[in-house]
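There are 2 protein chains.
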Amino acid sequence: MKRTRFDRDPCPIARATDVMGDWWTPIIMREAFLGASRFGDFVDRLDVPRATLAKRLERLVEDGLLSQTAYQDNPPRYEYRMTEKGFAFLDVLVAMWRWGSEWGWPEGRGPAVELVDPVTGNEIIPQVVDVRTGEPIDPTRLRMQLKSSAKRRTVKAAEE
Amino acid sequence: MKRTRFDRDPCPIARATDVMGDWWTPIIMREAFLGASRFGDFVDRLDVPRATLAKRLERLVEDGLLSQTAYQDNPPRYEYRMTEKGFAFLDVLVAMWRWGSEWGWPEGRGPAVELVDPVTGNEIIPQVVDVRTGEPIDPTRLRMQLKSSAKRRTVKAAEE
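Chains A and B, in that order, are what the protein sequence lines are. Quick note on the numbering used here: the first sequence kicks off at 1178 and runs consecutively. Quick note on the numbering used here: the second sequence kicks off at 1178 and runs consecutively.
Honestly, I wouldn't trust all of these hints.
Same chains, same label: a pair holds when it works inside one copy or across any pair of copies.
The list that follows gives simulated cross-link-like pairs (lysine to aspartate or glutamate, EDC-like), each with its CA atoms no further than 20 Å apart [unchecked claim]:
1. Lys1262 / Glu1239
2. Lys1232 / Asp1199
3. Lys1262 / Asp1184
4. Lys1232 / Glu1256
5. Lys1262 / Asp1240
6. Lys1232 / Asp1186
7. Lys1262 / Asp1315
8. Lys1232 / Glu1208
9. Lys1324 / Glu1291
10. Lys1262 / Glu1284
11. Lys1232 / Glu1300
12. Lys1324 / Asp1294
13. Lys1324 / Glu1279
To be clear, the hints were calculated from the coordinates, so they are not data collected in a lab.
Sequences are here, hints too, so could you generate the full structure?
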């Protein structure tokens, strides 16, 4: 199946989808967060075909979410480490966590796992808010629009 | 390509991935948020093959993110409307938006689009926080663990 690429799309959701849209990618990133770093770690933790895993890791390195370092030369073996871009991806994963927790189980049931802060022992409950207000985002008050700077550039280009 | 299903996985991220993992799904949900409801709306807005779109819409209805209502009988035509579960998915999309905005462009550049509140005119900047603290989630202080209630169930089952 030919894959449509979204990595040149003007919308940030599309660019994130381009990375995320490989079925295994969020699961592989979850395991990287939880400490998996060598190929064998991912194989042990996930029921993923080796060829698929190799392709996904290569893509994540190419996209800069993971870095690759040789820990052995002959045969060559690599460790995969989270980059700053990879760490930032945690926000997407925890938003998926929250939504998956609330909607991924039959009513009245939920996941048997939880997120905790190991220092305080408190449960962590992710929520997406607007930085300005600190409040959850109201889906009925949300528009996507061209930035005014982009509009100016467009007008300028048209005038030239 | 055979698809691995994650919809019975104990992890909420995996259950969310199961829905999201279709490449087009987040983009189709974005357009549904922005007002697309009929098959033709999605075709007009997205460069998506019709067969792919039909399959993704069917899956989103099956998974309960969209509802399907006939607006014409002969030939049958449907409108797709966001459900409560679909609206809740907005949090995942805006987390993708934020990450895509920061990391999906070369350094020093960013998307030409922005999210705004049409009532106040203010830009909306999504951020994922911990409900308890209101602070961003620190990736170095995050563990996934079995809930103690689940542990008790496991112990009980082992004792029986």
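The hints, checked one at a time:
no.: 1; hint: Lys1262 / Glu1239; result: within (12 Å within a copy, 34 Å between copies)
no.: 2; hint: Lys1232 / Asp1199; result: both (10 Å within a copy, 17 Å between copies)
no.: 3; hint: Lys1262 / Asp1184; result: within (15 Å within a copy, 27 Å between copies)
no.: 4; hint: Lys1232 / Glu1256; result: within (15 Å within a copy, 38 Å between copies)
no.: 5; hint: Lys1262 / Asp1240; result: within (9 Å within a copy, 31 Å between copies)
no.: 6; hint: Lys1232 / Asp1186; result: neither (23 Å within a copy, 22 Å between copies)
no.: 7; hint: Lys1262 / Asp1315; result: between (27 Å within a copy, 14 Å between copies)
no.: 8; hint: Lys1232 / Glu1208; result: within (16 Å within a copy, 30 Å between copies)
no.: 9; hint: Lys1324 / Glu1291; result: between (39 Å within a copy, 6 Å between copies)
no.: 10; hint: Lys1262 / Glu1284; result: between (35 Å within a copy, 12 Å between copies)
no.: 11; hint: Lys1232 / Glu1300; result: neither (34 Å within a copy, 38 Å between copies)
no.: 12; hint: Lys1324 / Asp1294; result: between (38 Å within a copy, 13 Å between copies)
no.: 13; hint: Lys1324 / Glu1279; result: between (34 Å within a copy, 15 Å between copies)
In summary, the numbered hints that this structure violates are 6 and 11.
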